[in-house]
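Chains as they are written, first to last, in the working numbering: chain A, 1 to 111; chain B, 1 to 115.
The set of hints was computed from the structure by calculation and includes no laboratory data. A portion of the hints provided could be inaccurate.
[Stated by the list, open to error] To give an idea of the interface, some chain A residues facing chain B are shown, with a C-beta separation under 7 Å as derived from the structure:
no., residue
1, E42
2, G43
3, L44
4, F101
5, A103
6, G104
[Claimed, not checked] Here are some chain A residues the structure puts well away from chain B; computed CB gaps all over 12 Å:
no., residue
7, L13
8, S14
9, A17
10, T26
11, A53
12, F62
13, E76
14, V109
15, P111
Backbone N, C-alpha and C fix where the C-beta goes; we use that ideal spot for every residue, glycine too.
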Amino acid sequence: GDSVTQMEGPVTLSEEAFLTINCTYTATGYPSLFWYVQYPGEGLQLLLKATKADDKGSNKGFEATYRKETTSFHLEKGSVQVSDSAVYFCALSHNNNDMRFGAGTRLTVKP
Amino acid sequence: GAVVSQHPSWVICKSGTSVKIECRSLDFQATTMFWYRQFPKQSLMLMATSNEGSKATYEQGVEKDKFLINHASLTLSTLTVTSAHPEDSSFYICSARDQGLPIQYFGAGTRLSVL
Numbered sequence: 001g002d003s004v005t006q007m008e009g010p011v012t013l014s015e016e017a018f019l020t021i022n023c024t025y026t027a028t029g030y031p032s033l034f035w036y037v038q039y040p041g042e043g044l045q046l047l048l049k050a051t052k053a054d055d056k057g058s059n060k061g062f063e064a065t066y067r068k069e070t071t072s073f074h075l076e077k078g079s080v081q082v083s084d085s086a087v088y089f090c091a092l093s094h095n096n097n098d099m100r101f102g103a104g105t106r107l108t109v110k111p
Numbered sequence: 001g002a003v004v005s006q007h008p009s010w011v012i013c014k015s016g017t018s019v020k021i022e023c024r025s026l027d028f029q030a031t032t033m034f035w036y037r038q039f040p041k042q043s044l045m046l047m048a049t050s051n052e053g054s055k056a057t058y059e060q061g062v063e064k065d066k067f068l069i070n071h072a073s074l075t076l077s078t079l080t081v082t083s084a085h086p087e088d089s090s091f092y093i094c095s096a097r098d099q100g101l102p103i104q105y106f107g108a109g110t111r112l113s114v115l
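All chains should be modelled from the sequences, with the hints used to inform the complete structure.
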């Protein structure tokens, strides 16, 4: 079945550092890909998405490109802030009927 | 953007009692709602898919009689944890799909602690 694999955390960075969180997937067909962010004690917020190959999702300085050839959707940000500290989940879905999540990557950004 | 309200945000109950969690789509109609469970420092696990006006579809290993799901309207789904036990303690999150749109919106989650 479909699955998502994320790089294991936790990830600790200094403010203004470059962030990459790797995400690869296994799926039939052409799923939509998502990144969600979860702040402490809260639910998930959609960060960005891409619905077809070569699409780039972007929001709040975060970017991820749907790479069909490498089945990847890596999350990047050029300069992280303390407020970016959270858990990030990569996910995939076919027609949004059933969403599969990666294990999550905890990011801590230190001043 | 679309808002999903989940209530309560935190509940503590005694073992053997039942707890009801509500999930409401505030500014859109949701034909489909999803219920997830999240253990500490782990990912979300889909428990069931709820379609308005019909019975929920449960994932393998999820007890239907223990986790009762009702989706009586296009804006409300409820999850009732019946005869709760300490092992049911977890973070429960709902999501709702806007009609015709390929996006799920998530509630803030409910932390259930069973004593």
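Do the hints match the structure? See the list:
1. Because the closest C-beta pair between E42(A) and chain B is about 5 Å apart, less than 7 Å, the hint holds.
2. Because the beta carbon of G43(A) sits about 4 Å from the nearest beta carbon in chain B, less than 7 Å, this interface hint is met.
3. The interface hint given for L44(A) is met, as the beta carbon of that residue sits about 4 Å from the closest beta carbon of chain B, less than 7 Å.
4. Below 7 Å, beta-carbon pairs count as interface contacts, and F101(A) has one with chain B at about 5 Å; its hint therefore holds.
5. Against a cut-off of 7 Å between C-beta atoms, the interface hint on A103(A) holds, since the closest Cβ of chain B lies about 5 Å away.
6. Hint on G104(A) holds. Least Cβ distance to chain B is approximately 5 Å, under the 7 Å limit.
7. Distance check on L13(A): its Cβ is at least 19 Å (rounded) from any Cβ of chain B, clearing the 12 Å threshold; non-interface status holds.
8. At roughly 23 Å, the least C-beta separation between S14(A) and chain B is larger than 12 Å, which holds for a residue marked as non-interface.
9. Separation of A17(A) from chain B is adequate, the least Cβ-Cβ distance of about 23 Å exceeding the 12 Å criterion.
10. Distance check on T26(A): its Cβ is at least 15 Å (rounded) from any Cβ of chain B, clearing the 12 Å threshold; non-interface status holds.
11. No Cβ of chain B approaches the Cβ of A53(A) within 12 Å, the least distance being about 16 Å, so the stated non-interface status holds.
12. Against the 12 Å criterion, F62(A) stays outside the reach of chain B, whose nearest CB is about 17 Å from its own CB.
13. No Cβ of chain B comes within 12 Å of the Cβ of E76(A); the nearest lies about 21 Å off, and the non-interface call holds.
14. Against the 12 Å criterion, V109(A) stays outside the reach of chain B, whose nearest CB is about 18 Å from its own CB.
15. With a closest Cβ-Cβ approach of about 24 Å to chain B, P111(A) is found to remain outside the 12 Å limit, as its non-interface label requires.
In this structure, none of the earlier numbered hints is contradicted; all agree with it.
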